[in-house]
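Novice: Going down the list, the sequences are from chains A and B. Under this note's numbering, read the first sequence as residues 103 to 412, first letter to last. Under this note's numbering, read the second sequence as residues 39 to 317, first letter to last.
Be a bit skeptical, because a hint or two may be false.
Claimed, not checked - Simulated pairs of lysine-lysine, DSS-like, Cα-Cα distance not exceeding 27 Å:
1) B:K125 to B:K244
2) A:K341 to B:K244
3) A:K300 to B:K244
Stated by the list, open to error - Chain B stretches covered by chain A per the calculated footprint, using a threshold of three residues with CB under 8 Å from any CB of chain A:
4) 50–58
5) 71–82
6) 157–163
7) 249–257
8) 274–287
Unchecked claim - Have a look at the derived ranges for each label pair, beta carbon to beta carbon:
9) A:I117 to B:A50: 52 to 60 Å
10) B:S277 to A:V116: 46 to 54 Å
11) A:A143 to B:Q206: 55 to 63 Å
12) A:V116 to B:V93: 53 to 61 Å
13) A:R326 to B:A110: 52 to 60 Å
14) A:R326 to B:G54: 27 to 35 Å
15) A:Q309 to B:Q315: 26 to 34 Å
Keep in mind that the hints were calculated from the coordinates and are not lab data. Cβ coordinates follow ideal geometry from the N, Cα and C atoms, glycine included.
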Amino acid sequence: MMRSTFPVLTVLAVIVGVWYLAVAPMNVRVALDQAERAGSAIVPEGSVPRRDVSVWRLMLNNTAHVPLGYALERPRLPTPGQVGAELWKTTGEMIAKGRAFSKRGLIYHGWITLQSTLWGFALGTVLGIVGAVAIVYSRTAQLSMMPWAIISQTIPIVALAPMIIVLSSQMGVEGRGLPKAIISAYLCFFPVLVGMVKGLRAPLPAQLDLLRTYNASGLQSFLRLRLPASLPYLFTSLKIGIAAALVGTIVGELPTGAISGLGARILIGDQFGTPLAIWSALFAAAILAGGLVTLLDLVQRLTLKRMGLA
Amino acid sequence: MSWVLVALLVWAAGWGLNIMLSRWGEVRAVRVAVPVIFGLTLLAMWEALVRGFDVSPVILPPPSVVAQTFAASTDILWTDFKQTVVKGALRGFVIGTVAAFVTAILIDRSQFLTRGLLPIGNFVAALPIVGIAPILVNWFGFDWQSKAAVVVVMVFFPVLVNTVQGLQESSAMQRDLMRTYAAGYWQTLWRLRLPAAMPFVFNGLKIATTLALIGAIVAEYFGSPTRGMGFRISTGVGSLSIDLVWAEIAVAALAGTAFYGTVAFVERIVTFWHPSQRG
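Generate coordinates for the entire structure from the input sequences, incorporating the hints supplied.
Specialist: Right, here's the structure in full:
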């Protein structure tokens, strides 16, 4: 772990550096338009003739105005610093002002997204575990359900997402929490199912036979042998599952008229042309994903250590 | 109420048939027949329940109506399929996977880069990357280029991570053997390490097939020419032509399954030697 810290930090530094360098060519046209409106002399004049000139030539001809691209209010590509400042403005500053849960802050929207993610994660995990138990214990269930579980994952869920939202609102379900949770559960159940089937089948025949010689009932051998043996597999799938559940929630928030949640912030940022809002919501989602996976990783380590498995 | 009874009977009959059939679970025909019967049972129950509870077709049309709409609007569906799957998803998939593959081979020569990029790639692969769709639509315009760009970003990291992991798969013993044959770097790569990496590469490719379709469809929600599956779905939901939406969903499902199936088929040919393919 430690020996990869330095390489990771180096790669990250390179990525941030390239990002900073890319801001200049990405924003130069917008920056020059603004400078021209403010009265500066730009070569060539007018934004329409400039469209035929490459960004590199524009930057060479107007070196003095390139730095403007790093401080635009509506940049095509914001700098990492701008994104960081926007993130701080919508989280830390809100807390400092004592309005942590204001609807204009990302904490509120992140909380909405986190709630549906967790509901979807819980639903998907329960479905996955129940499905895995059915598949391990019933040959019919295995033959009928396993191919469909695989096919269900090749269907792009986003095609279904607007339908699920319409259906649940027609059936009188208030709010968007439930449809979003269903979409998350759909993405989350498959890794759990596959991992649990593998895990429940992990005990060796000799171990199962040993329990039979103890005259253990089916339930006992499930609780004492198969379930504990499946835990390492379960945790690995849970980490994939929670990341998938977050993707599902964000996808559920993207189409048609959501107003709260990180996905909705992205949608609204797109409609109102405020790129900084999109970028900060994206990074908030990334931080949320990282936090959730790290948390599960911690629980996994603690549990497996207590069980003597790691 | 009689339709509900029909639904229950269909379920009992289908499941009972499957229980009987699964006694011969080793026979190939049975392995195909059982899931097909299961799927047909679900479709028949959907039909019966929608009729039984008199659900308005604006909310949930029965499968028979969807099938009729599908047959009646094949030209629309075909245009959308070409726009979204062939132009957006497939082109993005090819560009993204080739770029990831080449990057993986390049960074594999350096221990330092591998160690630095692998954790980052793993982390990025778990992020909700679909969110960048509006940004890329803004940069690349409404036509298929922006959709392909979203797909490129989405498929890049899973394929990169899996390929890098696969390239480390050959054992020290095998590499030493290649050295005793006086094989150079490229010969070792071509004859030993790439074949050994293939199961991992295909794992990444299979994940990427699903992501490619998701990316192409979501990007269309943020602006598209007046064709494409995502465009038709979002406008169809708005104008209450739900049967057409379900027909598009059916096309998306078929395209996704066919795409995945093709990759899985190529995998069987390329990695015929792997234990998981010999069963």
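Novice: All the hints need checking, so say for each whether the structure fits it.
Specialist: We went through each hint and held it up to the structure:
1. Pair hint K125 (chain B) plus K244 (chain B) holds up; C-alpha atoms about 19 Å apart against a cutoff of 27 Å.
2. Distance restraint check for K341 (chain A) and K244 (chain B): the Cα-Cα separation of roughly 19 Å lies within the 27 Å cut-off, and the hinted pair is therefore satisfied.
3. A distance of roughly 19 Å separates the Cα atoms of K300 (chain A) and K244 (chain B); the hinted pair therefore holds under the 27 Å criterion.
4. Counting residues of the segment 50–58 of chain B whose beta-carbon sits less than 8 Å from any beta-carbon of chain A gives 3, enough to reach three: the coverage restraint holds.
5. With 5 residues carrying a beta carbon less than 8 Å from a beta carbon of chain A, the segment 71–82 of chain B meets the three-residue requirement, and the given coverage holds.
6. Coverage of the segment 157–163 of chain B by chain A holds [criterion: at least 3 residues with CB-CB distance below 8 Å; count 3].
7. Beta-carbon proximity to chain A at under 8 Å applies to 4 residues in the segment 249–257 of chain B; the threshold of 3 is reached and the given coverage holds.
8. Proximity of the segment 274–287 of chain B to chain A, defined as three or more residues with a beta carbon under 8 Å from a beta carbon of that chain, is established by the 7 residues found.
9. A hinted range of 52 to 60 Å holds for the C-beta pair I117 (chain A) and A50 (chain B), which are about 58 Å apart.
10. Between S277 (chain B) and V116 (chain A) the C-beta distance comes to about 49 Å, which sits within the given range of 46 to 54 Å.
11. The hinted window of 55 to 63 Å between A143 (chain A) and Q206 (chain B) holds, with their beta carbons roughly 57 Å apart.
12. At roughly 56 Å, the beta-carbon separation of V116 (chain A) and V93 (chain B) lies within the given 53 to 61 Å, and the hint holds.
13. Remark: the range hint 52 to 60 Å for R326 (chain A) to A110 (chain B) is upheld by a beta-carbon distance near 58 Å.
14. At about 33 Å, the CB distance of R326 (chain A) to G54 (chain B) agrees with the hint of 27 to 35 Å.
15. Restraint check, Q309 (chain A) to Q315 (chain B): a C-beta distance of roughly 29 Å satisfies the suggested window 26 to 34 Å.
Checked against the numbered hints above, the structure violates none of them.
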